[in-house]
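J.: In order, the protein sequence lines correspond to chains A and B. Numbering that gives the first Met the number 0 applies: residue 0 is where the first sequence begins, and numbers increase by one. Numbering that gives the first Met the number 0 applies: residue 0 is where the second sequence begins, and numbers increase by one.
No wet-lab data here; the hints were simulated from the structure. Think of the CB as a built atom: it goes at the ideal place given N, C-alpha and C, for glycine as much as any other residue. All clues given are correct.
For the chain B half of the interface with chain A, some residues (derived, Cβ under 8 Å), not all of them:
| no. | residue |
| --- | --- |
| 1 | T37 |
| 2 | V52 |
| 3 | R53 |
| 4 | G55 |
| 5 | D57 |
| 6 | G172 |
| 7 | G174 |
| 8 | V334 |
| 9 | P396 |
Here are some of the chain B residues that sit facing chain A, going by a computed Cβ distance under 7 Å:
| no. | residue |
| --- | --- |
| 10 | E5 |
| 11 | P42 |
| 12 | A43 |
| 13 | A46 |
| 14 | P49 |
| 15 | G338 |
| 16 | N397 |
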Amino acid sequence: MKTVKIKKGWQFKIVGKPSPRIENRPAMTHVAFVLDKIPFVKPRLLVQVGNKVKIGSVLFEDKKHPVLKFLSPGCGTIKDITYGPRRVLHEIVIALDSDETFEIFEKVTELALDQIKRRFLIDSLMAGGMWPFVRQLPFRQIANPDSLPNAVWVSLGSADPFQPNAHVYLNHQVDFFEFGIRALHRLVNTVHICRYDETPGKNNFAASSVTHRIIGNYPASDPGVVLYHSKKKASENQDWYIDGQDVIHLGKFLKTGTYPIDRIVAFSDGSFANSCHLSTRMGILLKDLASPSIIAPHKRWVVGGVLSGYTSTRDAFLDPYQTSVMIIDESNKSELFGFVRPGLKKISNSRTVLSALSSAPLPINTDMHGEERPCINCGYCAAVCPVDIMPQFTYKCIYADEIEEALAYGLLDCVECGLCSFVCPSKIEMSDFLIKAKHRYHKEINQVVESV
Amino acid sequence: MLNQFEKRLRRFFEKSSPHFSKGGRFFKFHPLFEALETIFFTPAIPARCPPFVRDGIDLKRFMSIVLLALMPPLFFGIYNTGYHSLLSAGNNLNFFDIIISGLLTVMPLIIVSYGAGFFWEILFSVIRKHPISEGFLVTGLLFPMTLPPTVPLWQVAVGISFGVVIGKEVFGGTGRNIFNPALTARAFLFFAYPAKMSGDRVWVAFSDTASNAINAVSGATPLAMTTLFPSFKTIESMLHNAGFTLFKLFMGNYPGSIGGTSAMCCLIGALILIITGVASYRIILGGVAGLLITSFLLGMVSTTPLNPWADINPLYHLVVGGFAFGIVYMATDPVSAPGTNTSKWFYGFFIGMLTVVIRVFNPAYPEGVMMAILFMNLFAPLFDFIEIRFRVSKRIPNV
Chain A
0 MKTVKIKKGW QFKIVGKPSP RIENRPAMTH VAFVLDKIPF VKPRLLVQVG
50 NKVKIGSVLF EDKKHPVLKF LSPGCGTIKD ITYGPRRVLH EIVIALDSDE
100 TFEIFEKVTE LALDQIKRRF LIDSLMAGGM WPFVRQLPFR QIANPDSLPN
150 AVWVSLGSAD PFQPNAHVYL NHQVDFFEFG IRALHRLVNT VHICRYDETP
200 GKNNFAASSV THRIIGNYPA SDPGVVLYHS KKKASENQDW YIDGQDVIHL
250 GKFLKTGTYP IDRIVAFSDG SFANSCHLST RMGILLKDLA SPSIIAPHKR
300 WVVGGVLSGY TSTRDAFLDP YQTSVMIIDE SNKSELFGFV RPGLKKISNS
350 RTVLSALSSA PLPINTDMHG EERPCINCGY CAAVCPVDIM PQFTYKCIYA
400 DEIEEALAYG LLDCVECGLC SFVCPSKIEM SDFLIKAKHR YHKEINQVVE
450 SV
Chain B
0 MLNQFEKRLR RFFEKSSPHF SKGGRFFKFH PLFEALETIF FTPAIPARCP
50 PFVRDGIDLK RFMSIVLLAL MPPLFFGIYN TGYHSLLSAG NNLNFFDIII
100 SGLLTVMPLI IVSYGAGFFW EILFSVIRKH PISEGFLVTG LLFPMTLPPT
150 VPLWQVAVGI SFGVVIGKEV FGGTGRNIFN PALTARAFLF FAYPAKMSGD
200 RVWVAFSDTA SNAINAVSGA TPLAMTTLFP SFKTIESMLH NAGFTLFKLF
250 MGNYPGSIGG TSAMCCLIGA LILIITGVAS YRIILGGVAG LLITSFLLGM
300 VSTTPLNPWA DINPLYHLVV GGFAFGIVYM ATDPVSAPGT NTSKWFYGFF
350 IGMLTVVIRV FNPAYPEGVM MAILFMNLFA PLFDFIEIRF RVSKRIPNV
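In isolation and in its complexed conformation, chain B is listed as follows (with noise of 0.2 Å):
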């Protein structure tokens, strides 16, 4: 069977190879015949120099494995989705109509990111006369988590239009880029669509009209909430109130962001990353490092109630909102992060340290860490710099 089919294949890329070779009909678009080939089939390329021996790892594998790790909090964001929005319509909820719902609203996301972020990478492509890089699977996955489900589809296209056109390809493509497209492409929805990236209102993809008798706080996320309600004497007995445990911020069954609601999603994620070593273990375990440091001490000298997020227990900083998704998906993309080992662990320490001042001076503006790992992608070359010369000091010097 597959036998057969890989025969068939073979056929029908060596019969069309030659439109798309030099002198071809359609040799503008090689780089999309040679894409759609290579998905399917690693070419043989026989090494020409030194070292004849060649490692397995390619860059599609390597952006495999991370989608790979996506696939923990896609599969609980579509169930998420799905969940709130049933409840929230009143429906009953069994779980076959939870993951269609889910589906319904997650994949078109999906769909038109991919869609309108190859339209991009294809143009240029073409253009640029340089195949198409295996990064933006990643990117076009990784946007959308980001969004929450009631984003307009056109925000989603005009959103990763911007990420893939002035995140990365304005630098000169993949492995040039300063900032991480996939985030870039969130802050531009941000701050351009404001209303349609925060509040309370957008957190809940509402299936039908019964939507009109929700009362607004069912819809609102847990960092949403701590913005709305300051008569609460702690944002831990507020959020216990609203019956958000620890333990349910962790396992992420509540109104958020598709992807970025379950810490423990993110966990099983780092762990492939860690484990497999596609992700720098420095950037994560510094960034958490940075976050709980920074909490605990920020705790220590507040005053309650001036900045509730202040003295709160640590270890919801961790679990609230897309701090887990992003140092794991966000901060690890290695492009933008600094290259050298000790640069890491700065580098993750400043992500988690910022996103906590951001959440604790600065209560209008509850998520943090977008704006934390941009800012830090920003460092990453000085970080890098740094490191480099103190180490250039430490080497006996060689001309």
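Bound-form chain A, shown alone (with noise of 0.2 Å):
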């Protein structure tokens, strides 16, 4: 087993933290499924407001490989669907039947899984909506079935501590973990397998298995970082990536024939009683989650981590990929000279606040505790960086549209963790201009490639 260790970074200071305890949240009337956060897919429709869907019936399909199917979270009605801004699709509503029916996909036995094609396999995935939980590094795209990877990271645990603990959601689950991982065997040659370690010691699941040992701060879980640290060549860039939870997903497709819809959520509302795991469904409705008496006004819903998620609303539901959500407080006082307060209760990676003297962890809020000003090249963004990116320079390459030498900087090993925008004293949204930047890269070479 290999250690790999994360220097730089930021060590979780947020109170609040899930607690390993599981309470079940069924769905109460709707579910979803929500297309926007589907990184670079086209959908083309197939399915109309009013149609009868089973769990596991084709909702869309990618216009550029229409063999990529997605499927419903639920049986029931279509209900809605809806578009965000210019038109693009948003959302899929699904009124939810009371007895809900699975649609049937081919089980693959153990003894079938050494034998079965690369190719049966990564179409059988395609059309029992697996696939898309693959992923490919450096753009996060849904991988490539055409390329073969050097190989495929598989991340169990995260440095955030408020995504979901992989000894909770492997909990009953290692058997089709173990079956998911075979699978990933039959796609590439390598599958690494890289367990987060917050108690090191502990170490009572799929021990055997387990390739890589990752220690240290934030973003230190995320696959592209434990990828930067360990890659030899340059091949290794384009290599692909799946959560843990997912591979759990991808066993039990397989081993059962039905599309798994089980999740299981990290939640957190900055209290001690109500943050824990939640055993609920993909596309749930976000305010199934909490109960209603934790439903304040003046609050911010993130998804997907507090630092590389987004916002949401109570009345939006949960996207195929994220299984984090936090309730925080939005900010709305402005506070008499913020600035020269000692900082006790303020949150800060710099040791200007006196909070730094303690690790107890602080409440936190929406604020940005502070205007946006020029860069002064402070280089506090260049410490965190868990890839040695050293964004002020990089921000201004790509400032300068100077694209050749960003890349040059290494703006593609950017894993989008958002240090750099949190502890920017001059507050500039420095990750999100990276990952623009790189958004419209991708879709720069995909032009190129197409109309070739």
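Fit chain to chain and form the complex, with the hints in mind.
T.: Right, dumping it as structure tokens:
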């Protein structure tokens, strides 16, 4: 087992870490498939409002690769199809039947798995809606089945304590996990299983198969970070990755022949009593996750982690990739002489606040704690960047439209962790800027490919 | 009490805010209003894109820490100025009088520096329609602390105007300047009005007519003195004869620029800056190492008394003149220093080295640290360029 240690990054110091306790949160009336967070896919709808669907019925496919299907997370009637800005498909909402039935896919036995052809396995995963969970670096798009990567990186556990704990979701699921790993072995020669070590010494799951032990600060567990710190040659940049929980679903899909919709979601509202793991399902209405008593106004619903996630609302649905929901205080009150206060309760990576003296977790809100200013080249961002891309210089390259230069600095190694924006004393939206540049570049090279 | 004050203040800003916002009568002066308001209230701005939690530090806090670190040399400077002023006037030296006398000399310089500088800051902000940056809070205090206490007030105004306009705003404002604005201002005064900036009669503020009776030595800085008496065998013995022991030089109780005499106060400031992580310890330690190593090596090869500064105990270089102040407060300005880590060591090292080289080989020009820092400011982008090239060549390409 290799050990990868990440020294840079940031140690989380936020209250409300979800406890390992599991509570059940069934869907009440509706579930939905959220489309706009599926990266780089142009959907072609295959259903209409009013259609009846089962769990695992095809909802839409990718226009560019029509074999890539996306399946229904619920059984019932299509109630609504909503569009976002520029008529981009947003959600497909399904009103649930009281009795839910599954589409039946072909099962794969343990014996058959070792004989199965790679192409056949890929096709069945695509038809079974499981393929979108296998993703590809550096743009984090859905993996290209025609490419043969060096390795696939499986991440177990996260350096972000507000993501589900691997011990929790692997409980009673190790069989499915190992079956999923065996399926991955049929796809790619090398499968790296990276376990993030929160509590060194505890080693009670899938112990035999773990290949990398990850220690260090957030975002150490991100596959991009692990890849950056272990790659030897440029061809490894396009490696695939998959989250540990999705490997379980992969195994479950192949073993049982049904589309797996159960999810373990880490939920936190900043309090000790309510923050825990929730056993729920794909595409759940966010409101259903929290008990009505704790839904208050002036709160921000953040899906996918406070540093790299996105803002949602209580009336939105959970997108297929995310397994973390946080409710944090909205910033609402200006602070008298905020900049000279000693900062006992202020969260900061710098040592300019008194809270730096202790490691006690602190409450958070969405306040910027200051206004935007010009970059003063303080280098705080470079000090936390886990992949050494010197964000302050890379960002200036992009600003000056020197995309080649930015790529040489390692723009594509960016793991989109958000730490550079977090630490910036000038409050520059650095990570947002870098991520958008990455996406522009992806669009550009794909246009070139298509036109040729 | 504080709550009452806060409430009134809030009401005041809420009332006047419409006049300064779009469509209001004074919309032009929005940057000024905004600067004033945000001094009192850190505004509640919600994060619009991830991450949704932001660091508690902002530029105001960042610059406040620098100001805090400037307090020890400032207070000592006020005391020291008053002390030597009263000493030369032959008055009795009680603490209260010393402070009053020091304040009377130093405060006008600071007020003029801030006043003239803010005039330009506000002018440029209003024309360019960008918020007033906090960086000037530091520049406006740094600059007068590098001056001799006798400098005429109009020269302070001229100097800071040059520093802000030519040193910073012509490049596009905060974050884009090549040189440290405070040092640019000082360099301008140094070359435009040398009679008021160097020599032996500018370092003590004479407070009454008894000044005529004062001999030149009592007003000379240790650095300036070394250029006056080539007859002594070594500088060490000469300084010793004049009463400047290493300890006294370290404490800084001798005539000199307002903030720059006390290496001890600069050391306290350096500790504050390094512990809070606001200034780069690499630059400071690199500078000290460069100074000590260069002076040690020069001492090995020099022959007395050709270059009197060459074979002095290296520690003297550290405590004499403005080196400590320069390396702690001026060289660590992040905008004009390199942004990469190894470069910072080199940048500091070369500042220390150049300071010694100027002191040793140009006896007519004893204070080298200002030119050393400005010169290395010029090279900071080159350092960055080289280190980034090196780092990029080490990366596994990903395109």
